[in-house]
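**Student:** Sequence lines, in order, name chains G and F. Quick note on numbering: our numbering labels position 506 of the first sequence as 506, and the sequence is numbered without any gaps. Adding 506 to a residue's 1-based position in the second sequence gives its number in our numbering.
It should be emphasised that the hints constitute simulated quantities derived from the structure, not laboratory data. Where a beta carbon is used, it is the ideal one built from N, C-alpha and C, also for glycine. A few of these clues could be false.
[Stated by the list, open to error] One-sided excerpt, in silico: chain F residues whose CB lies under 8 Å from chain G:
| no. | residue |
| --- | --- |
| 1 | Ala-637 |
| 2 | Gly-1182 |
| 3 | Pro-1283 |
[What the hints assert, rightly or not] Covered, in the sense of this in silico footprint (three residues per stretch, anywhere, with C-beta under 8 Å from a C-beta of chain G), are these stretches of chain F:
| no. | segment |
| --- | --- |
| 4 | 1004 to 1013 |
| 5 | 1162 to 1169 |
| 6 | 1272 to 1282 |
| 7 | 1290 to 1296 |
| 8 | 1311 to 1324 |
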Amino acid sequence: MKSVLNTITLCSMNYRNIKGLLSALVLAVALSQGTEILGGEQSDYYRTDTIPVPEGIVLEAGALQWLGDNQMAVSTRLGEIYIVDNALAENPSDTTFHLFASGLHEVLGLAKKDDWIYCVQRCELTRMKDLDHDGRADVFETVNDDWGITGDYHEYAFSSKFDRDGNIWIVLCLTGSFTSEIDYRGWCLRVTPEGQMIPTSSGIRSPGGIGMNALGDMFYTDNQGVWNGTSGLKHLKPGGFMGNPTGNRWYESTKALGPRPLDPVSGSRMHIEAGKIPELVPTAIYFPYGPMGQSASGIICDQSDGKFGPFEDQLLVCDQTHSTVMRVDLEQVNGVYQGACFPFLKGYDSGNLSVEFSTDATLFVGGTDRGWGARGGKPFALQRTHWTGKTPFEIQSMKIRPDGFDLHFTQPLNVTIASDPSSYSMETYTYIYQSGYGSPEVDQSSPVIQSATVSEDGTTVRLKIDQLQVGHVHELKLSEIMTQSGELLWNPVAYYTLNEIPKSVL
Amino acid sequence: MKMFYLFLMKMAKSLPSARSILTAISLLLFPTVQAQSPHGDMLQTILGYSDRGGVDVGELLIGELNCIGCHQADEPLQKRLASKQGPVLGAEGIHLTPQYIQELLMHPVLNGQARTMPDMLHGYENDEKTAIVDALTHFLIDAQGEITETPVAADPFRMQAGRRLFHEIGCVACHEPHQDAEALKQPALPSPDALFGGDLESALGHSVIMGKLDGKMTVSELARFLKNPLETRPSGKMPSFNLSDSEATSLAMYLLRGQARGMFDGDAKLQKTGGLKYSYLELGSPTAEPHGAVQDFVEHYPGTPPASLTASTHFVTSGITHEISDVIKKRQEQIALVFSGYISIPEDGEYVFYTSSDDGSRLYVGSGLVVNNDGDHGMTERNGKAILSAGDHAFKVTYFNHGGPAGLSVYVEGPGLDKQAVPEDWLSHLGQPMLPTGSETFSIDKTKASQGQAWFRKLGCASCHTILESGAASIAAFEAKPLQSIGIDSDKGCLSDEPGISSPLYHLTSSEREAITNSITQIENLSNPLDARQQVLRKMISMNCFACHARDEEGGISSGRKQFFLTQGEADLGDEGRIPPNLTGVGRKLKREWMKKVLDEGASVRPYMATRMPVFGKDNVHGMVDLIFEADKPSETVSSTEKSSLEDAKYGRKLVGVGGMACITCHTFGKFSSLGIPALDLTTAGERLQKDWFVRYLKDPSSLRPGTRMPSFWPDGQSVNRDVFDGDTQRQIDAIWSYLNIADDNNPPTGLIQGKKEIIANSEAVIYRNFIEGAGPRAIGVGYAEKANLAFDADQLRMAMIWQGPFMDGARHSSGRGAGFEPPLGHNLVQFPNGPPFAFSVDPEHTQWPKLAGKAAGYEFKGYWLDSKRRPKFKYQFMAMDVEDYTVAVPGELDASLRRYLTFDSRAHYVNLWMRAAIGRDIIEEQDGAFLIDQKLRMRFETSGKERPVVNGVEGNMELLVPIELDHGKAKIIQEIIW
């Protein structure tokens, strides 16, 4: 933790105006009362512990499924499914592992229905059952295998949990992440309870995870590369085109969708192409490359009813390279998803790939860095994160308004500072939508924050902004904002991807 | 028997018509070249920097136009200007055709090539000018000496290779691309469209004009130039790309493809041309094809492939060769070569031909098979005799290798001729010889040549062009007023509107003239010292380094050209794998010695980058390293403590390896591939990098390489690793640096050396579902505790192969990204036929086994059920029939065997349904009813029906078919497999 003295020096150096004096005053008061006056640290709010993996098990956790009964199923990239028993044990070393299945092909999706466990392998959706109750699966039924693989390692398949209609959705990486050599590479398919496959969305490059929001709409993460300027979270709208035209040849093979959409023009911008291509679904959230992460992966919705902190119904999205979990607050404007992402949990041991909540709102995170390096540095890991019960001071949500944003905070604000537009700074940028690999941030602008109005209860700020930029990330920095007791934000930054500006307040 | 040609000549009267024909041809062939702006060489590029601080454009132009060739300058100024020399001429120089020299001298303006070369004859009347050009042409052709060489045979596949080189290695960084990048992605076979067509996008920026090359030189001459351009163009403006001989020839053939335009026309006028045509073929996966398929195939080629061939042929390459051997092959197994053309027999008599090959080969002369060395065998020599008349005979050699070692040599012995490799000049084919367009007979007139020499002297040609006359000293340069004392007020000078008869006429734009004039009027400025930064900037402009590299916000690849910068292979590296590095601050990044190596030798550490760092010539980049270091010098001195301890290095090794920061997940390490993408080799860091840069880079990679995919492992200066030195950032980075300075192949980080990871079936069966070579991407391997194994192909629903002993090595798929197919580990591998397992026929004797398999043929995989010993019972459907397919291993005295139980339950009544159990060259039914397949595999069947299995086909291509007789929809087959 930074020392209090440093902060005081810092403040007195920076705050040369009335606001500065005020905040110095607040600080002084806080100090005299011995109150915590800094932005907190992760350990104050969330505690992560590591589940020891028994010797000999390589737990490159591709997917997680909470089974109830204190059990977590973990599938691995090497094709095993382990069940962690006593998974919520107070002491992580009291957990035990048993092998449920092996000999599967790189399992990156798990789900559960009745006494069947469903998994997606590279080649098929399979369901498994333990008939003789010896703890190991005996039946491996092929539910559906209506897509192709050529033998290229990049041809991954990620699958979702069951949606509201009992379907499992599967996103298929391109061949080598650049081409679509065989059926439906670069597509999202869904498999019905009867085992029928329905081609659902096109335009996928290289997914890292798939999951639903609180409304049950399906999202996946797609990674920086051709046609992806940076990694992003995309809404798998049925019939939608996610932006990478490589796999669009398969429109010829299905009647489930309409005709092949127009090809986007390389070098354009996504929002411009979306104006010309009705099927193109703009990326809901861009994760700026570097500040937020480098390889977006697993997705889970916090539906813990407040048991995991004040972020109910928001999405938690992993980043494999940075070994982090990011937070995403979505909203729908004119039928298009968009919203803000925020830094959230960091310091995991390996490259976070899979993520799952237990029923008691413990967040389980599984990781691997094989083939793709990760900050954590460990080859694999299974960890669990609990909320300590202490609410961090954070931007709880960021919502678009016709003339700016509403920022809702988790605690009442120091109104003087929060009402001063100069407490905020905003920059916008977007990405080149192109057939080349990735994109730098381009078309930068610096919109003017005209006013900041704090709500009566002191928890919401309306920012009135001149020149919102459609199709841009709006990067908001607010490191001076503090609570009434002088606490600074844990993460004083937000990145809002703006696809649509509402005509009136929603 | 060589075909000679000479550039012989007869010129004066025919010249105008020859020229107009030339122009017409060029227009026809290269409309895009002709249509481009004449402002397209370095002059225009230099002007682009006119508004940049510290760049005297006039000075750069003076250097580019080599003004001091005539207007002498003192040594410091000479050095400073680093003027561009004209090409070396004469015997040692670049060898041009007479038609090109004439064209260039008569019409320097029309020909974009002459952009920096002035018109020296502008003041002469037409007749006189024609005579001077004639004399000069005779002089130059005489000086370069008689060219006697066999015309190179056009080889469209080489042109295709040249096209790739031209657009990938960096040529198009300066020159205009000939195709747009999208068209280049098509791996199409050579075609007129691929080689001649294509529209170009704009936004390329300026290009250095190559001019009309087709009439300029021969393929071998251009190849010689491309291989070592500095020899004849010593200024290094055209750098060397370190091309191999073969690359240089391919590139030259592509650039001169207009010389062989006729090859693609319907009425191509083919001529007897040196060398044989060859086709090289690779068939599917080396182990996937049934025995003999490749042998059959090569004999059928290029006709219909034999029925036994299941994989679609992978056609690899074709071309012209002068040597009949297997050197063309690119792999060992499942390959075939077909050589064809003519053999020119010198005299009547009996000839003995030999082939020595592993595996089989055949040699045909005329329509007769002379040597039959066919079959699957080790290196074997066979011969055959033929009585042949003098002259050309059709000639063909076929060769294949199924597996194991490979080799092919062909010899001939004849009247008065000892056994020897078939002489190169005996071989020919009907092809297209490549000759410069507009070539006519040209015979040197010595009188004219000596007049030409006088003109060469008088016109001052030698001021720019070095020429050695048959051992004599160079012709002296022309001397005009020294640069430092010329006035520009002369109305007859080089820069005036109408230069006098003795002044050269430069075709400069007004802005170019203005820039030069400004520099000369303030000539004293040329003596003002330049700081290092300015000197680096000038050098990078004049050598066009900026075409590839950006530095301090200057230069970099133009938007239209970016698409031509590619990554080789499938390295998933993003732009860092294709765009040459930004050179901002490079003087604080690289070590002096390394930078010198890069500049002097084109040293490179990015094998994944298709674009090559070229060599500009040591003299031309002399002093550059010092200047860059001076220019980039940090404002305060950086402590460069390089001390390292063995102890530190050991911790460094731990941090670089798996379990530490795992740098090797992405970075290559000496001979070891990384565990992921092939990012830059870490063992080169110590040799290349300055420590200070390394430390800053590790702390915040994107601050020094914006957009890099390298993540920071010390975000905000805090280490993510707390295990080593309690997370002390500085000590950790110091330790990594210490390690990388001593790191080599002997001391790789943890995690790079991967042993076998044998997957073993102990008391229970074990399943390995992955990419298994020979069983496809949906393979399911089953290892039985009895040490027999099988691989089931869940795509085609067939038993794909069986083997004994060790089951599978899991190392490939559990390390790195797990790319590729892994072959079975054990011994006695038997592969079963590709294709569907079942078929209908009314008459098994005439079954044409269908090729359509999998879902398209009505098959559906349903999964598997494990028994108490974890042995799978596969379930699948064929139309309305459910199949259960369950195999157990039976221990044997030596090797285990397999017993397979197939159960059929059909909702429809199918008749004449058959299962194909095996194919082979030879299948024998033995007395006890067992079937012996190719002497190495025995099968026995028990079926629920009355019909017996049958053997179908002829020797060399037999099938073992088992009837599936449904009784009330049900049938059973037990298949015993002993091998």
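**Student:** Given F/Ala-637 as an interface hint, is its Cβ closer than 8 Å to any Cβ of chain G?
**Tutor:** violated (55 Å)
**Student:** Closer than 8 Å, Cβ to Cβ, for at least three residues: run that test on the segment 1311 to 1324 of chain F against chain G and report holds or violated.
**Tutor:** Our answer is that it holds, as 7 residues pass the Cβ test (under 8 Å) against chain G, meeting three.
**Student:** With a cut-off of 8 Å, does the beta carbon of F/Pro-1283 approach a beta carbon of chain G closely enough for the hint to hold?
**Tutor:** Since the shortest Cβ distance to chain G is 4 Å, the answer is holds.
**Student:** Apply the coverage criterion to the segment 1290 to 1296 of chain F and chain G: a residue qualifies when its Cβ sits closer than 8 Å to a Cβ of the chain, and three qualifying residues are needed.
**Tutor:** violated (count 0)
**Student:** When I compare C-beta atoms, does the segment 1004 to 1013 of chain F have three or more residues closer than 8 Å to chain G?
**Tutor:** violated (count 0)
**Student:** Under 8 Å between beta-carbons, do enough residues of the segment 1162 to 1169 of chain F, three at least, approach chain G for the coverage claim to hold?
**Tutor:** holds (count 6)
**Student:** How does the coverage statement for the segment 1272 to 1282 of chain F fare against chain G, requiring three or more residues with Cβ below 8 Å from a Cβ of that chain?
**Tutor:** It holds: at least three residues are needed, and the segment 1272 to 1282 of chain F offers 7 whose Cβ sits within less than 8 Å of chain G.
**Student:** Please verify that hint: F/Gly-1182, Cβ, nearest Cβ of chain G, below 8 Å or not.
**Tutor:** holds (4 Å)
Checked against the numbered hints above, the structure breaks hints 1, 4, 7 and satisfies the rest.
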